[in-house]
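Novice: As a plain string of letters, each chain reads:
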Amino acid sequence: MEFVKKLILSLTLVLSTGTAMAQYYSGEHTFDGVNRNEVSASVTTGKNIITGPCIGNTLHYKHYFNNNWSVDGGANLQYTKGLYGFKAKGEYHLKIKSFHMFASGEYMYNHYHSYNTNENVGNLSVRFERGYWDITLGTSFIGYNMMGDHYTEPITLTFGAHATLRPRTCHWNAGLLFRNYDDFYYENWNINWGLDFYYRFNSKWKMFGEFNIRPAGSMSQLASKYETTGKVGLIYRWK
Amino acid sequence: MEITMKKSISYSLLAAVLLTASGLFTSCEKVSPTGVLIGNTSVDDRVKQSLVNFSALEVATDKELADTIQEYSFLVGSDSHITEDPGRLEEMLQIGIDNDDLFFCHLGDLADTKAEYYSNTEMAIWRATMDWMDKYLVAETNGSGEAILDTAMYIDKRTGCLYRKDNNFFLPYILPFYPVVGNHDITHNGWALFSRIFKTSFYEFTVRVICENDTAYDRFIFLDSANGTLGSYQIDEIENGFFQRDKKKIRNTFTFTHTNIFRPSLNEFASTYCREELYYILDKLADWNTTIAFWGHVHAWDERDFGDVHHITMPSMNFVDHPNGGDNLLIRVTVKKDGKCKIEPVGLYCKQRSKQELEDEGYITTTH
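Top line first, the protein sequences correspond to chains A and B. Residues in the first sequence are numbered from 1 upward in steps of one, following the numbering used here. Residues in the second sequence are numbered from 240 upward in steps of one, following the numbering used here.
Some hints here could point you the wrong way.
Ranges of calculated distance between the beta carbons of each label pair, as one might list FRET restraints [what the hints assert, rightly or not]:
| id | chain 1 | residue 1 | chain 2 | residue 2 | range |
| --- | --- | --- | --- | --- | --- |
| 1 | B | Lys575 | A | His150 | 25 to 33 Å |
| 2 | B | Glu596 | A | Gly143 | 49 to 57 Å |
| 3 | B | Pro584 | A | His150 | 26 to 34 Å |
| 4 | A | Ile55 | B | Asp475 | 39 to 47 Å |
| 5 | B | Gly546 | A | Pro154 | 13 to 21 Å |
| 6 | B | Asp577 | A | Ala161 | 23 to 31 Å |
| 7 | A | Leu157 | B | Ser593 | 16 to 24 Å |
| 8 | B | Glu478 | A | Gly90 | 35 to 43 Å |
| 9 | A | Thr30 | B | Gly546 | 41 to 49 Å |
| 10 | A | Pro167 | B | Ser504 | 42 to 50 Å |
| 11 | A | His150 | B | Asp577 | 24 to 32 Å |
| 12 | B | Glu600 | A | His150 | 36 to 44 Å |
| 13 | B | Asp577 | A | Pro53 | 45 to 53 Å |
| 14 | B | Lys579 | A | Leu195 | 49 to 57 Å |
Hints were generated in silico from the structure; no laboratory data involved. Yeah, the Cβ is synthetic: ideal placement off N, Cα and C, and Gly gets one too.
Put together the whole structure using the sequences plus the hints.
Specialist: Structure representation (C-alpha cells):
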C-alpha cells in the first residue's frame, strides 16, 4: 500500500510540477518545530479573455529558520500565456496573544513574452491570522518596461481577506477568499475571489486547491470575467 | 493505514474532478461565474450589438475632406456625468461648431444613468445638430444645380458625407459626435439608454485628406472598456483585423476609450485592466502606430509618451468636479497639412443652471 500511496502522490506531483503560494492562504504558515523545509508544486488551468484556455505550473520552496523567520522562493511557468516569473520573499512571524502576525517583504519578476514586457514588483504586507480567518494589508510597487520605455505605477494598496469553515488545525478545510493579488501578480483594484481547500495527509504531505475568479474592472465598473482558474497542488515538508 | 490510503485516493480523485470541472466550467460560454453574483451588461454583448449597428446604420462614416481643406481639428471631452443640466456638453458642442472643428469625441461617462438625464443629453445633442446642419449641410443637387428634393439627400460640404432625410433619418446621428461607453453609462441597465441614441460602443472611421496630390488617411478607433476590459469578443475582432479591413495607407491613428492605463497620481484610481490585458493594449497601440491614445475615467489630467505613443488622460468636464469650469476641460487636436498634430487646451466655463432655468429651456428635471 505504501508503494501505491507514493505512486499516487508522485504522479500528482509530476502532473502538477509547480504554484506554491497557496499555502499562505489555507493551512499552516508557521514552523512546526520539526520540518524546516517545504516544497510545493501545483498546476493551474482555466480560461482568460486574451489567450483563451490557459495552463501553467508553479514551484515553490520555503525554509523556516526558526519560529519567527522564514524565506521562500518560487517560479511560475504559464505556457499558453507566455508568462514566466520568479519571486523571493522574506517573512517575520510573531504571535500576539491569539493572533499570528506575519510581516513580509517580497520581490517578484514577470516576463510577458508575447508583449516583450518585463515587470518588477515589490510588496510589503502584514497578515493577521486567527483560527478561522486572516486578513492582509500592504502596498505594492509595480514597474514595467516595454517598447524601450519604463513606467512605475504609484503605490497601490494590497488587501486580502480569507475565511475558513474549520479551524486551521483541522486536517482538512475549505475557505472563501477575496484579494487583489495571487501567487504571481498584484493587481490594482481588481478584486479576485474564490474558494480554496486543503487536505493534510500527515505531518509531511498536504494537498491544496483553489478555484479563483479574476475579474476585470471593479466596483462601479461592474466587474466582468477576465479569467477563471482552477489550481491543485501538493506540499511536502521535511527536516 | 488502509483508511488513510482510501482517503488519499478519494482526495486525489477530488483534485482531478476539481481540475476537470474548473476547465469545463470556465470554458462554457453560457456561464459567467462573476455574472452570477454581479448583474451587468456584458462587454461581449455590447460589442456584438455595436458591430451590427455599425454596419447596418452607418453610425460613423468615413470622411473625405474637400480638396480645399488640408488640415482639420477635433474636440475631445470626457466624463461629463450629465444629470439634469447638460450645459457643459452644450458648451462643448457650441465651441466646436463656432470653431469649425470637424467632429467631437467623448471618452465616456457621458450621463449618469437615469432616463431623464439621457433625455436631456439627447435634447442637447439634437439642438446642436440643428446648428450644425444649418452651417454645414446642403441639399444634394443634380447636374443642373437643382436640389434633389424627392430623395432629400443632404451633403456635408466639408466631408462629402451624405445624409438621407426619411424614416431612417436619425437626427442625433448626423452630428459628428463620437462617444465611447463608460462605466457609468452602463450601470442600472444604462446601455439600453446609451445604445438607443448612439447605437455603438466599438467602431472606427477614417478621414481622407488630399494634400499636394497625395492622399492620406487618419484612422479613429473607438474601443469599449466600460467594464475595465475589452472582453474576448472585442479582442477577437481586433485580432481578426477589424481595423485592417481596408488597405488604406494610414498616416495617423487616434484611439479613444474610457478606462485609463496610466494613473495621474496617488489620489486617483489606478488602472483596472488586469495586468496582462494592460500590456496587451499597450502593445496593440504600438502595433497600430498610434499617434495619440485618449483615456478617461479618472477625472484627472495626465500626458506622457510611452512606446512612441502619446497618451492623454483627460480631466472630467462635469459640474461636480469643476463647478466654476476650467481652462483645460477639453482639448482640441489640429491635424496639420503635414500630418503633425497640435494639441491645445480648451476651457469650459458655464455654470450649472437652476431647475427653473432648465425647465424654461425645455429640459426635464427630477421634480417634474
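Novice: Report the numbers of all earlier hints that the structure fails to satisfy, in ascending order.
Specialist: 4, 6, 7, 12
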